[in-house]
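Novice: These protein sequences, in sequence, are chains A and B. The first sequence lines up with residues 0 to 155 when you count with numbering that gives the first Met the number 0. The second sequence lines up with residues 0 to 155 when you count with numbering that gives the first Met the number 0.
These are calculated hints, taken from the structure and not from any lab test. Every residue gets a Cβ at the ideal spot worked out from N, C-alpha and C, and that includes glycine. It cannot be assumed that every hint is accurate.
A few chain A residues facing chain B, derived, Cβ under 8 Å [what the hints assert, rightly or not]:
id, residue
1, W34
2, A38
3, V41
4, G47
5, R48
6, G55
7, Q61
8, N67
9, I72
10, N74
11, G76
12, A113
13, H148
14, F151
Number of protein chains: 2
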Amino acid sequence: MKIIAQTLVAGLALTVLAGTASAQVIGKSEDQIRWRQSAYHVKAWSMGRIKANVEGTYNKDQVIQAANVIQAIANSGMGALYQPGTGSGKGWKETRAKAELFTDKEGVGKVAMAFNKEANEMAKVAATGDAAAVKAQFGKLGEACKGCHEKFRKDE
Amino acid sequence: MKIIAQTLVAGLALTVLAGTASAQVIGKSEDQIRWRQSAYHVKAWSMGRIKANVEGTYNKDQVIQAANVIQAIANSGMGALYQPGTGSGKGWKETRAKAELFTDKEGVGKVAMAFNKEANEMAKVAATGDAAAVKAQFGKLGEACKGCHEKFRKDE
Numbered sequence: 000m001k002i003i004a005q006t007l008v009a010g011l012a013l014t015v016l017a018g019t020a021s022a023q024v025i026g027k028s029e030d031q032i033r034w035r036q037s038a039y040h041v042k043a044w045s046m047g048r049i050k051a052n053v054e055g056t057y058n059k060d061q062v063i064q065a066a067n068v069i070q071a072i073a074n075s076g077m078g079a080l081y082q083p084g085t086g087s088g089k090g091w092k093e094t095r096a097k098a099e100l101f102t103d104k105e106g107v108g109k110v111a112m113a114f115n116k117e118a119n120e121m122a123k124v125a126a127t128g129d130a131a132a133v134k135a136q137f138g139k140l141g142e143a144c145k146g147c148h149e150k151f152r153k154d155e
Numbered sequence: 000m001k002i003i004a005q006t007l008v009a010g011l012a013l014t015v016l017a018g019t020a021s022a023q024v025i026g027k028s029e030d031q032i033r034w035r036q037s038a039y040h041v042k043a044w045s046m047g048r049i050k051a052n053v054e055g056t057y058n059k060d061q062v063i064q065a066a067n068v069i070q071a072i073a074n075s076g077m078g079a080l081y082q083p084g085t086g087s088g089k090g091w092k093e094t095r096a097k098a099e100l101f102t103d104k105e106g107v108g109k110v111a112m113a114f115n116k117e118a119n120e121m122a123k124v125a126a127t128g129d130a131a132a133v134k135a136q137f138g139k140l141g142e143a144c145k146g147c148h149e150k151f152r153k154d155e
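Next comes chain A alone, as it looks inside the complex (with noise of 0.2 Å):
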């Protein structure tokens, strides 16, 4: 799974921002919604994994499995299922996109290259199974991930 981080971030931020000919676009507005919802709540169960293996009994295969989860979804282009018309409206709930989000295309390209590049670097570091250095780079993870997250996310 060998992907250039930069390229897919270009990929994501022109896709949030334009839509992008080149890939295959499916879903309606609730769809696009719930399917990103679903992908930020895997996401979350394999942070919450990591957490619990870092700050207690480590366990490497299932840091190997929570961070290549997180790896592959950052490089699915998930960007994808921000289309027009999907800034408000509920998938599982409603959406907590702001606005920005679809707007700031320079803002959005710095977040998510930052999390890709952590995300990149996370998969690499488990499979280390070196528990400090996974504890590190888990910081550094959720920074990238709290970076978006502050920017473009409204509270609950």
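For chain A, the structure is supplied; the task is to place chain B on it using the hints.
Specialist: Relative to the frame of chain A, chain B by itself:
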């Protein structure tokens, strides 16, 4: 992301049916149900993307992205989300897990192993960019999904 399917599936079956002490279990019952529903919806999104590509204009990168997501979730050990007590209750919605999913160790192991095999193969085939081979493998993967749905998932 090289993982031996059999080991993981054995882990899945064990975790589903007995729980294991070897890995951290996180989340309350409703969290586990919501996370697994989220994982299935992320897989459904990814399957839909592959379908759109084999039926429409083929985009190699998008198929790889989708196949990698399915593979990572298949290998995530999400059997850990089927702890005792999660056979009923609400995540995003009421769980559709049948009681047999928590009791039929052999049957669960069989469908889980079939799914993991086809998901790992899908990622390999996607990487080749051979649209016809992807289409054939997509059919096999869909059958593997159905194998579990028919046996262990309640109708809507």
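Novice: Does each hint hold? Answer for all of them.
Specialist: Verification of the hints:
1. Because the closest C-beta pair between A/W34 and chain B is about 4 Å apart, less than 8 Å, the hint holds.
2. Here the hint on A/A38 is kept, as its CB sits about 5 Å from the closest CB of chain B, short of 8 Å.
3. At its closest, the beta carbon of A/V41 sits 5 Å from a beta carbon of chain B; the interface hint therefore holds under the 8 Å criterion.
4. A distance limit of 8 Å between C-beta atoms decides the matter here; for A/G47 the minimum to chain B is near 5 Å, and the interface restraint holds.
5. Of the supplied interface hints, the one on A/R48 holds, with its beta-carbon coming within about 6 Å of a beta-carbon of chain B, less than 8 Å.
6. Annotation: A/G55 was flagged as interfacial toward chain B, and the flag holds, the nearest CB pair being 6 Å apart, inside 8 Å.
7. At about 4 Å, the closest approach between the beta carbon of A/Q61 and any beta carbon in chain B falls short of 8 Å, and the interface hint on this residue holds.
8. Checking A/N67 against chain B: minimum C-beta separation of about 5 Å stays under 8 Å; hint holds.
9. With its C-beta approaching chain B no nearer than about 6 Å, A/I72 sits inside the 8 Å limit, and its interface hint holds.
10. At its closest, the beta carbon of A/N74 sits 6 Å from a beta carbon of chain B; the interface hint therefore holds under the 8 Å criterion.
11. Because the smallest distance between the Cβ of A/G76 and any Cβ of chain B comes to about 5 Å, under 8 Å, the interface hint for this residue holds.
12. The criterion of a C-beta within 8 Å of any C-beta in chain B is not met by A/A113, whose closest approach is roughly 19 Å, and the hint is violated.
13. At its closest, the beta carbon of A/H148 sits 17 Å from a beta carbon of chain B; the interface hint therefore is violated under the 8 Å criterion.
14. Look at A/F151: its Cβ only gets to about 20 Å from chain B, farther than 8 Å, so that hint breaks.
Checked against the numbered hints listed earlier, the structure breaks hints 12, 13 and 14; every other hint is satisfied.
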